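Trainee: Below are the chains, spelled out letter by letter.
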Amino acid sequence: MEGLAIFAYAISGLIEARKRRLDAVGAFLVALATAFGGGTVRDVLLSRRPFYWVEHQDYVIIIFALALTAPMFLRLTTRLFDQRALLVADAIGLGLFSISGTSIALDAQMPAFTAALMGVVTGVFGGIIRDVLCNEVPLILRDSRPYAVCAFAGCWLYLGLDAMGVLGVYNVLFSTAFILVARLVTLKLDVRLPH
Amino acid sequence: MEGLAIFAYAISGLIEARKRRLDAVGAFLVALATAFGGGTVRDVLLSRRPFYWVEHQDYVIIIFALALTAPMFLRLTTRLFDQRALLVADAIGLGLFSISGTSIALDAQMPAFTAALMGVVTGVFGGIIRDVLCNEVPLILRDSRPYAVCAFAGCWLYLGLDAMGVLGVYNVLFSTAFILVARLVTLKLDVRLPH
Amino acid sequence: MEGLAIFAYAISGLIEARKRRLDAVGAFLVALATAFGGGTVRDVLLSRRPFYWVEHQDYVIIIFALALTAPMFLRLTTRLFDQRALLVADAIGLGLFSISGTSIALDAQMPAFTAALMGVVTGVFGGIIRDVLCNEVPLILRDSRPYAVCAFAGCWLYLGLDAMGVLGVYNVLFSTAFILVARLVTLKLDVRLPH
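If you read the sequences in order, they're chains U, G and X.
The first sequence begins at 1 in the working numbering and counts up by one.
The second sequence begins at 196 in the working numbering and counts up by one.
The third sequence begins at 391 in the working numbering and counts up by one.
Since the hints were made in silico from the structure, they are not lab data.
Just so you know, these numbers come straight off a predicted model, no measurement behind them.
There may be inaccurate statements among the hints.
[As the list claims (entries may be wrong)] Simulated DEER-style distance windows between Cβ atoms:
{"hint": "1", "chain 1": "U", "residue 1": "Met-72", "chain 2": "G", "residue 2": "Pro-306", "range": "52 to 58 Å"}
{"hint": "2", "chain 1": "G", "residue 1": "Arg-270", "chain 2": "U", "residue 2": "Phe-174", "range": "37 to 43 Å"}
{"hint": "3", "chain 1": "U", "residue 1": "Gly-168", "chain 2": "X", "residue 2": "Asp-580", "range": "51 to 57 Å"}
{"hint": "4", "chain 1": "X", "residue 1": "Leu-477", "chain 2": "G", "residue 2": "Tyr-365", "range": "25 to 31 Å"}
{"hint": "5", "chain 1": "X", "residue 1": "Asp-497", "chain 2": "U", "residue 2": "Glu-136", "range": "34 to 40 Å"}
{"hint": "6", "chain 1": "G", "residue 1": "Asp-385", "chain 2": "X", "residue 2": "Val-575", "range": "50 to 56 Å"}
{"hint": "7", "chain 1": "U", "residue 1": "Asp-58", "chain 2": "X", "residue 2": "Val-434", "range": "19 to 25 Å"}
{"hint": "8", "chain 1": "G", "residue 1": "Arg-270", "chain 2": "U", "residue 2": "Asp-58", "range": "27 to 33 Å"}
{"hint": "9", "chain 1": "U", "residue 1": "Asp-58", "chain 2": "G", "residue 2": "Leu-281", "range": "47 to 53 Å"}
{"hint": "10", "chain 1": "X", "residue 1": "Arg-465", "chain 2": "U", "residue 2": "Pro-194", "range": "49 to 55 Å"}
{"hint": "11", "chain 1": "X", "residue 1": "Asp-497", "chain 2": "G", "residue 2": "Ala-260", "range": "43 to 49 Å"}
{"hint": "12", "chain 1": "U", "residue 1": "Phe-174", "chain 2": "X", "residue 2": "Glu-392", "range": "53 to 59 Å"}
{"hint": "13", "chain 1": "G", "residue 1": "Arg-270", "chain 2": "X", "residue 2": "Ile-452", "range": "47 to 53 Å"}
All C-beta atoms, glycine included, are put in the ideal place defined by N, C-alpha and C.
Could you build the full structure based on these sequences and the hints that come with them?
Mentor: Next comes the structure, spelled out in structure tokens:
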């Protein structure tokens, strides 16, 4: 499932790179930054080492291969997965990254509000870096959809359940599912944030 | 006074976010980045932990509330404070952030030139991150006004007085006042940097 | 030669700053970010301190002087050095920064693939930060020239020779020369990356 989250974020980077007509190197770097940017910013903020992608080199190499084959590969994926499948994969990514970010910040003795914020950072900074590199105002800052808001609510749910003594594994699963469902339901109902 | 500095920077973030039509989440993140970006970059460069905003969560929560009420709130502030009041608040922020940055870098055994540079980084990076997120060439890099220059001069003044044995508190007050006055006077006289 | 690399990167920053009509402060900050951005990002990722530019303040001061005299200075350099000389200097910079980045990552016990990636980061992130500050999609992500690719190949060459027991100094010289030659030859032959 973790692989799915990284995969979903990397593909969103590849799609964006393609839209901006980047070359293979650009596609690779943008995909990498999208997939691991959030976690890396969190780890820099928390002063944690080594980075996730240093310990899991295989993911970097897979993204490398994806970027090289991106033109062919994107044609395949758009045939296999439609837009909706990508949104679901991205929502799973958002849930997993946010909850794991909160849990890691909690382990690093951060207070609750900061831990929730770190969760959101982990979930959304990959996309922010992707958009900054592609010279756009980051989508999550302007699209009025509850994306970071869903992640934030889910992180507080995780913190609440954690304080109530719910076991780690169940808590992660439940909070991740909450973010996933919240994201998809608000999309479906076309909920908008105030401007 | 510290609260005033953070407040001034956060508002400049909110105003910019409004201009770029960001949603409430965007407004919050941009305000946060503007207020704490400079100090965070400095702390990452100096390898200092915990971050200021981790220790002072209340400021983050206030900015959170500000962003939620931004539309109403900005209408109120533009009525209460005119453009000039915001410039003064921003100049106080520049002074306080720059001098505190220099003093922290000095405590971390940085050499003088680096300490002055760290002061400027603390003072101006919040605005740079704000403008990068809003997809603009950072204002301080192109507006030809002595903004970073005032901060830089004030940081050297602080270093000089510190070397002469002036007590910390007086030095901070005097150097901050120097930056504040320098910024306002150069604005008033319409001093321009060479291109 | 190290000075030449930093100098070449700083000048590319000054030229870009001039093109975007930045003021003297903007020129200085962009030149600084171009020259030391790659190494600083690498050191943040590897958690290394102090930064190169903290230990070598003289370089920062030289760039400061360059930025102040940029208008005059750029006219002089464009007369002295033509476009080709700048490309050669930049290619030397790419080679030296990438190989030194790989070597430093290796010293910090990074696995091979990560070490090569860190080398590329050191070589190319200065340019990426320069372009982000100047509000452009980074050149190296979209120009289809083998820039990062040459650096990456050179870093693997360094890693291979290192594993074969080739002495550090010769290895650095040979791998740097490889990147330099690869960059200039692919430019000359107009080699293009796939899109």
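Trainee: If a hint holds in the structure, say so; if it does not, say that too.
Mentor: Consistency of the hints with the structure:
About 53 Å separates the C-beta atoms of Met-72 of chain U and Pro-306 of chain G, a value consistent with the hinted range of 52 to 58 Å. Between Arg-270 of chain G and Phe-174 of chain U the Cβ separation comes to about 41 Å, which falls inside the hinted range of 37 to 43 Å. Here the CB-CB span from Gly-168 of chain U to Asp-580 of chain X is close to 56 Å, well matched to the stated 51 to 57 Å. For the hinted restraint 25 to 31 Å between Leu-477 of chain X and Tyr-365 of chain G, the CB-CB distance of approximately 53 Å leaves it violated.
At about 38 Å, the beta-carbon gap between Asp-497 of chain X and Glu-136 of chain U stays in the expected band of 34 to 40 Å. About 52 Å separates the C-beta atoms of Asp-385 of chain G and Val-575 of chain X, a value consistent with the hinted range of 50 to 56 Å. For the pair Asp-58 of chain U and Val-434 of chain X, the supplied restraint of 19 to 25 Å holds, since their beta-carbon distance comes to about 24 Å. The supplied range of 27 to 33 Å is broken by Arg-270 of chain G and Asp-58 of chain U, whose beta-carbon atoms lie about 53 Å from each other.
Taking the beta carbon of each, Asp-58 of chain U and Leu-281 of chain G are about 51 Å apart, inside 47 to 53 Å as hinted. Range check, Arg-465 of chain X to Pro-194 of chain U: about 52 Å between beta-carbon atoms, so the 49 to 55 Å window is met. Against the hinted window of 43 to 49 Å, the Cβ-Cβ separation of Asp-497 of chain X and Ala-260 of chain G comes to about 47 Å, which satisfies the hint. Checked against the given bound of 53 to 59 Å, the beta carbons of Phe-174 of chain U and Glu-392 of chain X, roughly 54 Å apart, stay inside it.
Taking the beta carbon of each, Arg-270 of chain G and Ile-452 of chain X are about 49 Å apart, inside 47 to 53 Å as hinted.
The structure is inconsistent with the numbered hints 4, 8, although it conforms to all the rest.
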